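Colleague: Single-letter residue listing:
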Amino acid sequence: MKKSLTFLALSMLAITVIRAQTSEVESTLKRYAELRPREKDLSMYRIDWAPSLKEAQSRALKENRPVFLVIIHAKYGNLFSGHC
Amino acid sequence: MVRLLRPFIAASWYGHRNAPDLPNAVRTVWREKLGRQNGNGPGLREKQSNVDLAILDAKGNLVHWFDGFHRMGGKSLPNGQRQESLGDYTARELQKATTKLHLADTPREEPQLKLPDPGQLGMRVFITLLEERMRAYRAPVVEAVHLTRNDWNPLAYPDRETIIEASLLKKWLSQLYPPGVMERTDPQTKQVYRISKIRGSLSLKPAGSFNNIRYALLTGRIILTDEGPDHFSHEGDIEIVLTYSKTRSTPQSLRGIFDGTYLRFNPMNRAFREVPLQAVFEALPMVDKNP
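Top line first, the protein sequences correspond to chains C and F.
Just remember that the numbering used here sits 188 ahead of the position in the first sequence, which is counted from 1.
Just remember that the numbering used here sits 7 ahead of the position in the second sequence, which is counted from 1.
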């Protein structure tokens, strides 16, 4: 009887621990879902960026498309990678 | 804005007037801009920024250009509006350019969302600086970090709680700084100081299982120090869920967040203020499931 009660108590403890940890998992995944940018927030990544002006002009000629060029008068600023 | 930019291939270029590889289009834009500054152009002595936007046709001819920030002020606007929005200003200037271009053959369909590709084993980190004073700084930047199988070893399934030094995860934790702000730069190279040191002890512990998936949680506080000479640091909390199969100890997926603060220096009052810095991590199968 004592053994059964001990087993039951340990089992309940294990369930409690797993449930408690699972709720932590759920809570973290919920925060992840809340913080992950939505598609509308990522619209910058819908623009057809070329990694360089040279590549943009090469593609423009092949695809008969115009180029939208951002010129930054500075020692550094790369909009393609988001580091500006 | 994205709709207006559909026909275009976008690119950015940075540099100075004496750059050896100065493209022709940039040379023309700056020559005309300098002319305006000297009072030879239509906008006499306009206040100008260091960002210009130029439209080139398919053959590389300059069609139109405009200062990136020279929007209309209150005097020119109806209804007492104080200032034209940057979006409205850019759209207005883009429309001037499109009237000069023949865009009938260019693509019009909705462009696909193309996030940087971290490869099969890599990690995507979405970083957002919640800056109230500059809306553009709130735009998330997506970093793709390529990883190897060995990079995942510290996150092998733990049978019991284990402590992991955050420095072992430096390859991807080092992305936790605001990349779009250029706040902390080397005065010589103007390159942003990278994160050089990460401190913190993270707890990795089993977190139950469901069907054939085992879970583990990685949590803790980390301090990130950049390579600047003043040992500038910022910090925040990590909360990450990892999944594993029943039989293998290497992670199957990773999803989680960083919730921290970044100190921004205000040169006006020469004081720092705290700005929330948040990030989302996702890796492994998530790479395939999300765009």
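Note that these hints are calculated values from the structure, not bench results.
Quick caveat: nothing in here was measured; it's all calculated off a predicted structure.
Beta carbons: idealized from backbone N, C-alpha and C, even for Gly.
You may find that some hints are simply not true.
Each computed SDA-like pair below joins lysine to any residue, with the alpha-carbon atoms no more than 20 Å apart [said to hold, decoys possible]:
1. K228(C) <-> P123(F)
2. K121(F) <-> R13(F)
3. K218(C) <-> K212(F)
4. K263(C) <-> P123(F)
Negatives, chain F to chain C, calculated, CB over 10 Å [stated by the list, open to error]:
5. R38
6. L60
7. Q119
8. K121
9. M141
10. T254
11. Q259
12. T268
13. P274
Colleague: Hints first: check each against the structure and report whether it holds.
Modeller: We went through each hint and held it up to the structure:
This hinted pair checks out: K228(C) and P123(F) have alpha carbons roughly 16 Å apart, not beyond 20 Å. Restraint check: the Cα-Cα separation between K121(F) and R13(F) comes to about 14 Å, which is no more than 20 Å; the hinted pair holds. Distance restraint check for K218(C) and K212(F): the Cα-Cα separation of roughly 19 Å lies within the 20 Å cut-off, and the hinted pair is therefore satisfied. This hinted pair does not check out: K263(C) and P123(F) have alpha carbons roughly 24 Å apart, beyond 20 Å.
Once the 10 Å rule is applied to beta carbons, R38(F) is consistent with being away from chain C; the minimum gap is 12 Å. Against chain C, the non-interface label of L60(F) is violated: not every CB pair exceeds 10 Å, the least being about 6 Å. With a closest Cβ-Cβ approach of about 7 Å to chain C, Q119(F) is found to fall inside the 10 Å limit, against its non-interface label. The claim that K121(F) lies off the interface is violated: its Cβ sits roughly 6 Å from the closest Cβ of chain C, which falls inside the 10 Å cut-off.
The claim that M141(F) is not at the interface with chain C holds, since no C-beta of that chain comes within 10 Å of its own (minimum 12 Å). Annotated as non-interface, T254(F) keeps its C-beta farther than 10 Å from every C-beta of chain C; the closest such distance is 19 Å. Here Q259(F) stays apart from chain C, with its beta-carbon at least about 14 Å from theirs, past the 10 Å limit. Interface exclusion of T268(F) from chain C stands, the closest Cβ pair being 15 Å apart, more than 10 Å.
Listed as a non-interface residue, P274(F) keeps its Cβ farther than 10 Å from every Cβ of chain C; the least gap is roughly 18 Å.
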